[in-house]
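Next come the chains, spelled out residue by residue.
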Amino acid sequence: MLAYLLRRLGVAVLVALTVSLITFSMIYLSGDPAVALAGESATEEDIESIRRYYGYDRPILVQYLDWLGRALTGDFGQSHYLKAPVAEVIFERLPTTMLLGACALTFALVLSIPLGVLAAIRPNSLIDRLALTIAVIGQAMPSFWFALTMVLWFGITWRLLPITGSDSWANFVMPSIALGYYVTPAVMRLTRAGMLDVLATDYIRTARAKGLRPHTVLFKHALRNAIIPVVSLAAVQFGFMLGGSIVIETIFAINGLGYLAWESIQRADLPMMQAIVLVLSVFYILLTFLADMLNAWLDPRLRTA
Amino acid sequence: MAEQVLEVEGLSVDIPVTGGMLHPVQEVSLTVARGETLAIVGESGCGKSLTSLSLMGLLPSRAERRARRLSLLGEELAGKSERAMSDIRGNRMSMIFQEPMTSLNPAYTIGDQLAEPLERHTRLSRREVRERAVEMLERVGITAAASRLGQYPHQLSGGLRQRVMIAMALICNPDLLIADEPTTALDVTIQAQILHLMAELQREFHAGMILITHDLGVVARVADRVAVMYAGQIVETGTAAQIYGAPSHPYTRGLLSCIPIPGRSRPGEHLGAIPGVVPSLIGRMEGCHFADRCALVEPRCRKGDIALRDGSGSGHRYRCVLDPETPATQEAPA
Ligand SMILES: Nc1ncnc2c1ncn2[C@@H]1O[C@H](COP(=O)(O)OP(=O)(O)O)[C@@H](O)[C@H]1O
Ligand SMILES: [Mg+2]
Chain Y
1 MLAYLLRRLG
11 VAVLVALTVS
21 LITFSMIYLS
31 GDPAVALAGE
41 SATEEDIESI
51 RRYYGYDRPI
61 LVQYLDWLGR
71 ALTGDFGQSH
81 YLKAPVAEVI
91 FERLPTTMLL
101 GACALTFALV
111 LSIPLGVLAA
121 IRPNSLIDRL
131 ALTIAVIGQA
141 MPSFWFALTM
151 VLWFGITWRL
161 LPITGSDSWA
171 NFVMPSIALG
181 YYVTPAVMRL
191 TRAGMLDVLA
201 TDYIRTARAK
211 GLRPHTVLFK
221 HALRNAIIPV
231 VSLAAVQFGF
241 MLGGSIVIET
251 IFAINGLGYL
261 AWESIQRADL
271 PMMQAIVLVL
281 SVFYILLTFL
291 ADMLNAWLDP
301 RLRTA
Chain R
1 MAEQVLEVEG
11 LSVDIPVTGG
21 MLHPVQEVSL
31 TVARGETLAI
41 VGESGCGKSL
51 TSLSLMGLLP
61 SRAERRARRL
71 SLLGEELAGK
81 SERAMSDIRG
91 NRMSMIFQEP
101 MTSLNPAYTI
111 GDQLAEPLER
121 HTRLSRREVR
131 ERAVEMLERV
141 GITAAASRLG
151 QYPHQLSGGL
161 RQRVMIAMAL
171 ICNPDLLIAD
181 EPTTALDVTI
191 QAQILHLMAE
201 LQREFHAGMI
211 LITHDLGVVA
221 RVADRVAVMY
231 AGQIVETGTA
241 AQIYGAPSHP
251 YTRGLLSCIP
261 IPGRSRPGEH
271 LGAIPGVVPS
281 LIGRMEGCHF
291 ADRCALVEPR
301 CRKGDIALRD
311 GSGSGHRYRC
321 VLDPETPATQ
331 EAPA
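If you read the protein sequences in the order shown, they are chains Y and R.
full-length UniProt numbering puts the first residue of the first sequence at 1, with every later residue one more than the last.
full-length UniProt numbering puts the first residue of the second sequence at 1, with every later residue one more than the last.
Since the hints were derived computationally from the structure, they do not count as laboratory data.
For every residue, glycine included, the Cβ atom is placed at its ideal position computed from N, Cα and C.
Derived list of chain R stretches under chain Y, where covered just means 3 residues or more per stretch with a C-beta under 8 Å from a C-beta of chain Y:
hint, region
1, 89-96
2, 116-126
3, 153-166
Chain Y extracted, bound-state conformation:
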C-alpha cells in the first residue's frame, strides 16, 4: 500500500511540475511579454525598464525557478489589470467554482449511478432505453446550448429560476445541471457496463447461493466492485467540468474562477491566467491522486499489494 501510495504521489508531483513548466512558458507564447505590457506607444527605454522591472531580462531557467518558488508560497504576483495580488483574487473566487463543481458532480452521480444500475439489472428494458437516450442526448448536446435552452425556459419563459449571479442556492441550480449533465453519459455507461460485468461473476452467484437478499447482492456485493472504475472516471470528469465551468460561469455570470478566466483572457491579464491554469491543474492532479487513494481503499488487491 505504501509503495503504491508513494508511486502515485511521485507521478502526481511530476505531472504538477510539467504543468507548471507549461504554464510558465505561457508568458512567452504571445511574444515578448515586456513589449505586450508596455503597450503600443512605449519607447525602447520604457520596454527595457519594464523588462528589468519584471525580471524578464534574466535567464529563462532562473525566471522559472523564481516564479515556481513564489507560486509555491502562494505568491502569483500582481494582476496587470485589477492591480491586486493575483492570489487574493483567485482564492476569493475559488470557493464558488468548487461549490459549482461539487453541485454539478453530485447531480451527475445522483442521476447516472442509479440509472446505470437500473439499466444493468434490466438490460434492454424500458429503463435501459431511457438511460441510453439520456446518454446519447447528453453526448450530442453541447453544454452551452443546453444551458441557454434552460435559461430560455426556466429563466425567461416560466421565470422559475434566476438567470445570473451567484448569491443564492437558486443561482446554482441551472449551472449545476448544465455542467453535471455533460458528464452524466460517461459515468452512466461505465456504471452500467461495470454492473453487467460484475453481475455475471462467480462471486455474485456465490452471494445468491448463500441466500442473501437481492439488495445485499446488488449493493454490497455488486455495486461495491462495479463502482471502483467509476471513482477514477468521476475524478477525470470533475477535471473536465472545471474546464467546462469557464463557459457555464460566463453564461450565468457566476463569480467563480471560470468567469475570472474568461475576463482575464479578454483583459490579457497574463499573471492571472497563469495562476488560474496552475491552480486548476494542481487541483485536478490532487483530485486524481485522491481518486487513486480511494481506489486503493475500495480495492483490497491494490491496498494489500
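Dock chain R with the ligands against chain Y, hints included.
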C-alpha cells in the same frame, strides 16, 4: 431406509437461445438420502451444472424450470417464490462451485463473507458468529483460523479458498450440499485433500451430498450412488458397485475405459477415449442421445424416446435398448 433429503422427479430446464430452445436438462429424476453421496458424472456440457443450479433456484432468469416433484425433506420447492427459496439457500441447502479463484468477492474479507450466511439465516450475536466462523475454518483444516478472518481472498491459494467455500457452505448446517466440480480447478495433490475433507465433513454433518464431476476416478472413492449424465439425460444410475461392476450403458463403459482403475488397469495400458462430441441440445432429439457416438448403434436406437430400464440389481437402471454385454467381454483380457 434412510430419510430422503432430496427427491427430484421429472426435472427439466429449457433456455431460449439464438437458434431455438436449448434443453440442457431433460426429465432428470434423482434422490439423495441423509448421509449419502450421489455423484453426477458426465462430460462437460451435458447439463450437470444447470441441473444443480436448478435445484438451488439459481438458473439464469430466462431459463425455465419444470419438475413434477422437487422436494427437500418432503417440502415441495417447485412452486416456491424467490424470497422463500432465498431462505432455504445457504441455510438448508448450499452449494460449492468449480472456481475457487473467482467465487469469493475480492472486496470483502474471508470473515465477512463467512459470516454472511449466519447473519442472514440465524439470530446469533456478533460474537457467536465470529466464534462459529473460526470453528468452521478450523474444521476445514485452515490453520491460524482467527487471523484468516481479516484476510482477503487474493491473499489465499486456490486450495485455501475452496476450503473457505466449503466452510461457508456448511456453516448453517445444511441438509443438502451440492458440490459442482469442487476440485476440477485445483492441483492434483490438493484435489485429493479437498475430496477427502468433503467426504469426512459430509459424514460428520450427516448431510446429503451431490458431487458433480466429469471424472469417474473421483467418484470411485467417495460416492455411494452414481448418476451418469449424457446430453441432458441420466443414462445410467445405480450404486457405485453396480456402475463399476456392471456398467450397462455404452456411454458409462466408455467413461470407465477412459480412467485407470487401480488393480484393473495395467501400467501402460491404452485408455479408451470416446470419439465424437456431445450433440447440440437445441431442439428435440429423437432416439438415444448417444447414438451418433456409440459403436453398437442399431436402427432401433434412433426411434422414439428411450426409457430407463432395470439393470443388474435393485436401483440399477440404464437408458439403452441393447442388452449389456457382460463385463467380462468388455474388459481387456487379463
Ligand atoms: N446461461 C446459459 N445460457 C445458455 N446456455 C447455457 C447456459 N449455461 C449453460 N448452457 C448450456 O447448457 C449446456 C449444459 O451446460 P452445463 O450444465 O454447464 O454443463 P456441465 O456442467 O455438464 O458442463 C451446455 O451446452 C451449455 O453451453
Ligand atoms: Mg459444469
